[in-house]
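Each chain, letter by letter, is given below.
Number of protein chains: 2
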Amino acid sequence: MKARVHVMLKDGVLDPQGEAVRHALGAMGFDGVDGVRQGKVIELDLADGTSEARIAEMCERLLANTVIESYRIETL
Amino acid sequence: MKARVHVMLKDGVLDPQGEAVRHALGAMGFDGVDGVRQGKVIELDLADGTSEARIAEMCERLLANTVIESYRIETL
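So the protein lines, in turn, are chains A and B. If you're matching positions, the first sequence starts at 1344 in the numbering used here and goes up one per residue. If you're matching positions, the second sequence starts at 1344 in the numbering used here and goes up one per residue.
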């Protein structure tokens, strides 16, 4: 089975990488870009039957820093 | 309007970051993790009515390195 984990910085946490992208898009003439947030997506190829709770444990322990990041699990 | 762009390394392109995550998960006792690919997700806050073609242009010119990365646009 496959699962996809999206890890984004929590609202209110400064995102300098996203801010740099927003600024670069503006400088390249792309108008109307009001905000950019950049995060990670991690695609996992897992043994069949791996529970979502197990994937959440992977997120809590390794994939996301839950102090500043939130994560969302999507099983495919 | 909001759009989300997923940028992943193309198949066949070595992904050392994903490989490191796979290895770390195994070392932490998470069995059955056969493969990990890590990519970026970019959430854009755009002026209403921005066309998908315009977003694709942002991807081609800045957000993705299309030599080694593929991208997928999702409008929300």
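Since the hints were made in silico from the structure, they are not lab data. Ideal placement from N, C-alpha and C gives every residue a C-beta, glycine not left out. Treat the hints with care, since some could be wrong.
With a straight-line cut-off of 20 Å between C-alpha atoms, the simulated PhoX-like cross-links for lysine-lysine are [claimed, not checked]: (1) A/Lys1345 x A/Lys1383; (2) B/Lys1383 x B/Lys1353; (3) B/Lys1383 x A/Lys1353; (4) B/Lys1345 x B/Lys1383; (5) B/Lys1383 x A/Lys1383; (6) A/Lys1353 x B/Lys1345; (7) A/Lys1353 x B/Lys1353; (8) A/Lys1383 x A/Lys1353; (9) B/Lys1345 x A/Lys1383; (10) A/Lys1345 x B/Lys1345; (11) B/Lys1353 x A/Lys1383.
Residues of chain A placed beyond 12 Å of chain B at every Cβ, according to the derived structure [to be verified]: (12) Gly1355; (13) Met1371; (14) Thr1409; (15) Val1410; (16) Ile1411; (17) Thr1418.
Okay, the hints, checked on the actual structure:
1. A/Lys1345 x A/Lys1383: With a Cα-Cα distance of about 16 Å, the restraint between A/Lys1345 and A/Lys1383 holds, given a limit of 20 Å.
2. B/Lys1383 x B/Lys1353: 13 Å, holds
3. B/Lys1383 x A/Lys1353: Between B/Lys1383 and A/Lys1353 the Cα gap is close to 16 Å, so the pair holds against 20 Å.
4. B/Lys1345 x B/Lys1383: Holds - the C-alpha atoms of B/Lys1383 and B/Lys1345 are around 16 Å apart, at most 20 Å.
5. B/Lys1383 x A/Lys1383: 5 Å, holds
6. A/Lys1353 x B/Lys1345: Holds, at about 17 Å.
7. A/Lys1353 x B/Lys1353: 28 Å, violated
8. A/Lys1383 x A/Lys1353: Distance ~13 Å between A/Lys1383 and A/Lys1353 Cα, so the pair holds.
9. B/Lys1345 x A/Lys1383: 17 Å, holds
10. A/Lys1345 x B/Lys1345: Outside the cut-off at roughly 26 Å; violated.
11. B/Lys1353 x A/Lys1383: Within the cut-off at roughly 16 Å; holds.
12. Gly1355: 15 Å, holds
13. Met1371: Per Cβ check, A/Met1371 is inside 12 Å of chain B; nearest 6 Å; violated.
14. Thr1409: With a cut-off of 12 Å, A/Thr1409 remains clear of chain B, as the shortest Cβ separation is near 16 Å.
15. Val1410: Nearest chain B Cβ is 19 Å from A/Val1410, so the label holds.
16. Ile1411: Given that every Cβ of chain B is farther than 12 Å from that of A/Ile1411, nearest at about 16 Å, it holds.
17. Thr1418: 14 Å, holds
The structure fails hints 7, 10 and 13 (numbered hints given earlier, in ascending order).
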